[in-house]
Amino acid sequence: MSASNGAPANIDLSVDIGGVTLTNPTIAASGCYNRGAEFGRVVDISAYGAITLKSVTREPRLGNAMPRIALTPAGMLNAIGLEGPGIDYFVAHEAPKLSSVPTVVIASAAGFTVGEFVDVASAIDGLPGVAAIELDVSCPNVDSEGECFAVDPRTTDAVVAAVKRRVKLPVIAKLTPNVADIRPIARAAEEAGADAISLVNSLRAMAIDVERARPTLANGTGGLTGPAIRPVAVYQVWESAQTVRIPIIGMGGIETGRDALELMMAGASAVAIGTANFRDPLVAAHVRDAIAEEARRRGFASVRALTGLANPGFAGKRWPADRRPQRLGVSR
Amino acid sequence: MASDAPLLETATLISREQVAPGFWCLGFRSPRIARAAGSASYVAVDVPGVFSVRLPLGIWTTRDDEFSLLFREWGDRTRRLARLSVGSGVSCIGPLGNHFSIPVKGSTALIAAGGIGIVPFWLLTRELRAAGVNVRAIVGARTKAHLNGVAQLREAGADVTVCTDDGSEGDKAMVLDLVKRVHAANVIYGCGPLGMLRALCAHASENRIQCEISMEETFGCSMGTCWGCVVPVRRGSQQGSGYPPSPRDSRTYDFARVCVDGTVFPASDVLWLEAYA
Ligand SMILES: Cc1cc2nc3c(=O)[nH]c(=O)nc-3n(C[C@H](O)[C@H](O)[C@H](O)COP(=O)(O)OP(=O)(O)OC[C@H]3O[C@@H](n4cnc5c(N)ncnc54)[C@H](O)[C@@H]3O)c2cc1C
Ligand SMILES: Cc1cc2nc3c(=O)[nH]c(=O)nc-3n(C[C@H](O)[C@H](O)[C@H](O)COP(=O)(O)O)c2cc1C
Ligand code: FES
Numbered sequence: 001m002s003a004s005n006g007a008p009a010n011i012d013l014s015v016d017i018g019g020v021t022l023t024n025p026t027i028a029a030s031g032c033y034n035r036g037a038e039f040g041r042v043v044d045i046s047a048y049g050a051i052t053l054k055s056v057t058r059e060p061r062l063g064n065a066m067p068r069i070a071l072t073p074a075g076m077l078n079a080i081g082l083e084g085p086g087i088d089y090f091v092a093h094e095a096p097k098l099s100s101v102p103t104v105v106i107a108s109a110a111g112f113t114v115g116e117f118v119d120v121a122s123a124i125d126g127l128p129g130v131a132a133i134e135l136d137v138s139c140p141n142v143d144s145e146g147e148c149f150a151v152d153p154r155t156t157d158a159v160v161a162a163v164k165r166r167v168k169l170p171v172i173a174k175l176t177p178n179v180a181d182i183r184p185i186a187r188a189a190e191e192a193g194a195d196a197i198s199l200v201n202s203l204r205a206m207a208i209d210v211e212r213a214r215p216t217l218a219n220g221t222g223g224l225t226g227p228a229i230r231p232v233a234v235y236q237v238w239e240s241a242q243t244v245r246i247p248i249i250g251m252g253g254i255e256t257g258r259d260a261l262e263l264m265m266a267g268a269s270a271v272a273i274g275t276a277n278f279r280d281p282l283v284a285a286h287v288r289d290a291i292a293e294e295a296r297r298r299g300f301a302s303v304r305a306l307t308g309l310a311n312p313g314f315a316g317k318r319w320p321a322d323r324r325p326q327r328l329g330v331s332r
Numbered sequence: 001m002a003s004d005a006p007l008l009e010t011a012t013l014i015s016r017e018q019v020a021p022g023f024w025c026l027g028f029r030s031p032r033i034a035r036a037a038g039s040a041s042y043v044a045v046d047v048p049g050v051f052s053v054r055l056p057l058g059i060w061t062t063r064d065d066e067f068s069l070l071f072r073e074w075g076d077r078t079r080r081l082a083r084l085s086v087g088s089g090v091s092c093i094g095p096l097g098n099h100f101s102i103p104v105k106g107s108t109a110l111i112a113a114g115g116i117g118i119v120p121f122w123l124l125t126r127e128l129r130a131a132g133v134n135v136r137a138i139v140g141a142r143t144k145a146h147l148n149g150v151a152q153l154r155e156a157g158a159d160v161t162v163c164t165d166d167g168s169e170g171d172k173a174m175v176l177d178l179v180k181r182v183h184a185a186n187v188i189y190g191c192g193p194l195g196m197l198r199a200l201c202a203h204a205s206e207n208r209i210q211c212e213i214s215m216e217e218t219f220g221c222s223m224g225t226c227w228g229c230v231v232p233v234r235r236g237s238q239q240g241s242g243y244p245p246s247p248r249d250s251r252t253y254d255f256a257r258v259c260v261d262g263t264v265f266p267a268s269d270v271l272w273l274e275a276y277a
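Residue numbers (our numbering), protein chains in the order written: chain E, 1 to 332; chain P, 1 to 277.
Keep in mind that the hints were calculated from the coordinates and are not lab data.
Be careful, since some hints might not be right.
Unchecked claim - Simulated coverage check for chain P against chain E, where a stretch passes if three residues somewhere in it have a Cβ under 8 Å from a Cβ of chain E: (1) 5-11; (2) 218-229.
To be verified - These stretches of chain E come out as covered by chain P in the derived footprint (C-beta under 8 Å, 3 or more residues): (3) 37-47; (4) 164-176.
Keep in mind it's a predicted model, so treat the numbers as computed, not measured.
Backbone N, C-alpha and C fix where the C-beta goes; we use that ideal spot for every residue, glycine too.
Sequences are here, hints too, so could you generate the full structure?
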């Protein structure tokens, strides 16, 4: 399948995320796709404009006990617990395979202290085949009793600024939706130098096994993903797009082209897809083609014209940094 | 026999039978998947009509271009699948998972199946018989209505003894009680509820009998990317992640993914941890 297969001709599908050019706006979400080899057994993964790797931590982690997954209406809960080999093993054994991935690779760094983020991001910086680093600032911060970094503008700033000082690759800050107001967090990430933001990560949630009278997940709580969270994602992308000028990668419950268009029209420059791969391995191709078709239908030469189309307060690229638009009367 | 790469194929529903209240056998035409399936192969089914991740179901029987699924109505996905009309197309990925290993000609294999855990054993029985292995099978269930597939297993060439918890069919006994009475087995294969599998592994270990079990967990991706379906295995087990030890905790085991590293594991590699019971 070529990158333009099924998509209308003459539409420019490319997007720019913090200096990285993607052949189309679809991205595989972190934690759902590894480096594509598994899904590559059944589909052509180059349909994705980019693949985000599973978040890597400094130390190896066994992750949580099982059950780690609970299925919920129009979605699922996961509590994997960042199981992974740690950065040294990643650099030695997994990074060498990245050059053969047939699309852009975004690595993801996670940490429980600012220092861990810096160590992991620095180790990733310069690895062949990695085009950008996403910071999973939705991780719990052990220095503040497990609150996650991205619930507070100050800790968001601390992580992003520290990493930006040390790495050359573009940095994407991945924000959590578990906040009362996403705007100060998005702004903090931008002001700390993030080249892009991505949102949303999973929503903290829970299910109870009524038969056994205990939480279904061994971890108790988990992260809700899938179509159930899409309206939350649309809203938070909308709010962020009125606040920051850096590109936004929108995600959360995308299953179809229409879903992706909601996020783009709210202000996302690219869209990431996680849980929907677990149902439809061809989802990236479908979404990509639908985005292109929408651009064609509207007479746009580029899919980039779709970004922020529904959002009159969209800040990206339209106003100088010192003249951010007034907030529209969006009721909260 | 089993091929390496799974296939994404639209299977056509060709038959649909309620074999007992809440239990269904569905036949599909899906030439590529049917011909590639081996023992313990499963398919990941995209059940139309509701958002969910793919539903993993074991492949029960195969014949030329066709395979069948035997399943219980557990919840949303199995309920909807059972109500599809004949002729519907259903997107399947398969065959997925590894296989049971086949012992040398002339050995005696003992199959221990609990309830719907009979599913991986039709294909296994065929493979064992083709390899000249004698097949005994103990199939147990809570009650008669939960005891499905026994006739087909016999047709495949297994010498089957049945039991139920309530005595409504066969012996009133647990699978393990009958397993313990079979002394001639060179290898034991198990699939069923966790409690049964745990006891079976203990029995095999005490009696130094080679044993393999097919396991189950809640699946996310069914493809090996999400790490949601893991079970703990002995460190150094071939199927474990092989990641370096973690300084953050003192755990001394690895996790293996049931979906792609399994579903079949040597009993001696599986750990039965507290969190698991
Ligand atoms: C590799 C693999 C192969 C499988 N093969 C088969 C098969 O051949 N036939 C078959 O009937 N099932 C099989 N299963 C089990 C089946 O995939 C699950 O039961 C699945 O959860 C059913 O989905 P659902 O949406 O219908 O129900 P869900 O909505 O997922 O579950 C409904 C309710 O039933 C409970 N439940 C679900 N599954 C089980 C279980 N196995 N034991 C006890 N309680 C449970 C859940 O906790 C929930 O409360 C297999 C599972 C795996 C991982
Ligand atoms: C099983 C699973 C594992 C995930 N692991 C990570 C992770 O390691 N790092 C991360 O930043 N996000 C992780 N996520 C969140 C996704 O990247 C994404 O933000 C979220 O799932 C919302 O998108 P979706 O509804 O399309 O799945 C994970 C999600 C799932 C379902
Ligand atoms: S179900 Fe995702 S790794 Fe097994």
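Do the hints match the structure? See the list:
| no. | hint | verdict |
| --- | --- | --- |
| 1 | 5-11 | holds (count 4) |
| 2 | 218-229 | holds (count 12) |
| 3 | 37-47 | holds (count 5) |
| 4 | 164-176 | violated (count 0) |
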